[in-house]
Amino acid sequence: MDRRLEGKVAIVTGGASGLGRAIALRFATHGARVVIADIRRDPKEGGAPTDQIIQRESSGAACFSPTDVTQYAQV
Numbered sequence: 656m657d658r659r660l661e662g663k664v665a666i667v668t669g670g671a672s673g674l675g676r677a678i679a680l681r682f683a684t685h686g687a688r689v690v691i692a693d694i695r696r697d698p699k700e701g702g703a704p705t706d707q708i709i710q711r712e713s714s715g716a717a718c719f720s721p722t723d724v725t726q727y728a729q730v
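Per our numbering, the very first residue in the sequence shown carries number 656; after that it's consecutive.
Where hints are given, some of them may not hold.
[Stated by the list, open to error] Here are the computed distance ranges between Cβ atoms for each label pair:
no. : residue 1 : residue 2 : range
1   : Leu-674   : Asp-723   : 17 to 25 Å
2   : Tyr-727   : Arg-695   : 17 to 25 Å
3   : Asp-697   : Ile-666   : 17 to 25 Å
4   : Val-730   : Leu-674   : 16 to 24 Å
5   : Arg-658   : Gln-726   : 32 to 40 Å
6   : Asp-657   : Ala-728   : 36 to 44 Å
7   : Gln-729   : Asp-657   : 31 to 39 Å
8   : Glu-712   : Gly-673   : 12 to 20 Å
9   : Arg-658   : Thr-725   : 31 to 39 Å
10  : Gly-701   : Arg-681   : 17 to 25 Å
Derived from the structure by calculation, the hints contain no laboratory data.
Built from N, CA and C at the ideal position, the CB exists for glycine as well.
The task is simple: from the sequences and hints, build the whole structure.
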């Protein structure tokens, strides 16, 4: 796999579900360390949290940060 994002950090808002989840997973497959920033950790569509999938399947580094982007102090 192309590791062009090796050594980079990606912060993905809304990364727990849907399109944000897909983006976070793609960044990880390209070598980025990923911060998933979302209101809730568990995906709306069910299944494992995004950070756990990244750690398990792509050997990438990922963490979850509870974040409400409508609250300025949390951004």
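Each hint, compared with the structure:
{"no.": "1", "hint": "Leu-674 <-> Asp-723: 17 to 25 Å", "result": "18 Å, holds"}
{"no.": "2", "hint": "Tyr-727 <-> Arg-695: 17 to 25 Å", "result": "20 Å, holds"}
{"no.": "3", "hint": "Asp-697 <-> Ile-666: 17 to 25 Å", "result": "19 Å, holds"}
{"no.": "4", "hint": "Val-730 <-> Leu-674: 16 to 24 Å", "result": "19 Å, holds"}
{"no.": "5", "hint": "Arg-658 <-> Gln-726: 32 to 40 Å", "result": "35 Å, holds"}
{"no.": "6", "hint": "Asp-657 <-> Ala-728: 36 to 44 Å", "result": "37 Å, holds"}
{"no.": "7", "hint": "Gln-729 <-> Asp-657: 31 to 39 Å", "result": "33 Å, holds"}
{"no.": "8", "hint": "Glu-712 <-> Gly-673: 12 to 20 Å", "result": "18 Å, holds"}
{"no.": "9", "hint": "Arg-658 <-> Thr-725: 31 to 39 Å", "result": "35 Å, holds"}
{"no.": "10", "hint": "Gly-701 <-> Arg-681: 17 to 25 Å", "result": "20 Å, holds"}
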